[in-house]
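Student: Sequence:
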Amino acid sequence: MSPKQPVLPLSYMCLKMISNQVTYALSDDEGKYYEVVQEYLADATYEVLQDLLRMILNCITLDAGIRFSCLEVLLREDVKKLDTGIFPWFYYEKILKTLKERGKRLQQLNLKGVWVRDYPEELTDLIENLPNLRTLIMPHMAGDEVIEAVCSLKYLTILDICGEACYTVEGIRKLSSDRLQVLDIGNFGKRDICQEEDSGPELVAHIMMNCPNLRSVKTYSYTGSSLQIIYEKNPSYRTKLKYIHDTGDWSAYRLGYAPRRARLPENGHCSYQYRPYITSRGKLRLMRSVIFDMLYFVL
119 MSPKQPVLPL SYMCLKMISN QVTYALSDDE GKYYEVVQEY LADATYEVLQ DLLRMILNCI
179 TLDAGIRFSC LEVLLREDVK KLDTGIFPWF YYEKILKTLK ERGKRLQQLN LKGVWVRDYP
239 EELTDLIENL PNLRTLIMPH MAGDEVIEAV CSLKYLTILD ICGEACYTVE GIRKLSSDRL
299 QVLDIGNFGK RDICQEEDSG PELVAHIMMN CPNLRSVKTY SYTGSSLQII YEKNPSYRTK
359 LKYIHDTGDW SAYRLGYAPR RARLPENGHC SYQYRPYITS RGKLRLMRSV IFDMLYFVL
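The numbering used here runs 118 ahead of the 1-based position in the sequence shown.
Treat the hints as calculated values from the structure; they're not laboratory data.
One should not assume that every hint holds.
[Unchecked claim] Cross-link-like lysine-lysine pairs, in silico, DSSO-like; alpha carbons within 27 Å at most:
(1) K198 x K212
(2) K230 x K199
(3) K292 x K336
(4) K292 x K351
(5) K336 x K308
(6) K199 x K134
(7) K272 x K199
(8) K218 x K198
(9) K360 x K308
(10) K230 x K134
(11) K222 x K292
(12) K215 x K150
(13) K198 x K134
(14) K198 x K215
(15) K122 x K150
(16) K360 x K272
(17) K360 x K230
(18) K308 x K230
(19) K134 x K150
(20) K336 x K358
(21) K218 x K230
(22) K215 x K230
(23) K230 x K198
(24) K308 x K215
(25) K122 x K134
(26) K218 x K292
(27) K198 x K272
(28) K308 x K292
(29) K358 x K272
[As the list claims (entries may be wrong)] Ranges between beta-carbon positions, derived for each pair:
(30) R309 x D181: 38 to 44 Å
(31) N250 x F208: 28 to 34 Å
(32) L128 x C269: 42 to 48 Å
(33) E195 x P124: 33 to 39 Å
For glycine and all other residues, C-beta sits at the position ideal for the given N, C-alpha and C.
Taking the hints into account, I'd like the entire structure generated from these sequences.
Tutor: Written out as structure tokens, the structure is:
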């Protein structure tokens, strides 16, 4: 007997059918049917356009020229979420220009598939023209000018600038936001977040203080050390972090010596280098769970 095959949702089947029709119509290099497709989708809601863009732009088997044509036609001003997908380098500047012209109401933008770090002025200009952004994902791309533009986003809550950085210590120290809740920064296992020296836990601690409502610092492997630095400077500091990640020479058991008034993260992923964590079990009980390398404890 053949295995049971899951039934595809009707919404997916409809999107697939429409996306096939759209890509076929826009496969003409001369753009004869641009206006026809725009008129055909004129009454579609922005949610439908978002789903079509997501399905088409992330189809890596589809020719990049067709995908870019779909981006130009389907990116209406009321679209709120966009994932650009992967494109060849010669489309990068065109994509930034299209996003600036047509994506003015975007609230969520993922640029992970385009390497636009070589276009800092265009990227900065784009960010400054997207005031409604709440989520911005652009690993390996942010420079000092881009960081300054990010600080102008009043509603930004999620920021991904992880990977090999273009920004300097002076530039990243300017990162400040009362609304930012999730920050993805640095590289796994690397202590410094910039190419310069002295850009390790102390610098991340400075950023955490500048963003008081942070709930998670992702990728960076020495968040615990940064938090410890803050506690030493300000014993009454109350972090809002929900998750702490540290695989360096810092250990979760040190939280046992944190000030009593200090609010601790709820979850942790820490190095198992120090076994005396049991001595601070009473303080760690405030955390829901702690992962020591491959071991998982519910406290």
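Student: Any hints from earlier that this structure breaks? Give me their numbers in increasing order, please.
Tutor: 15 and 24
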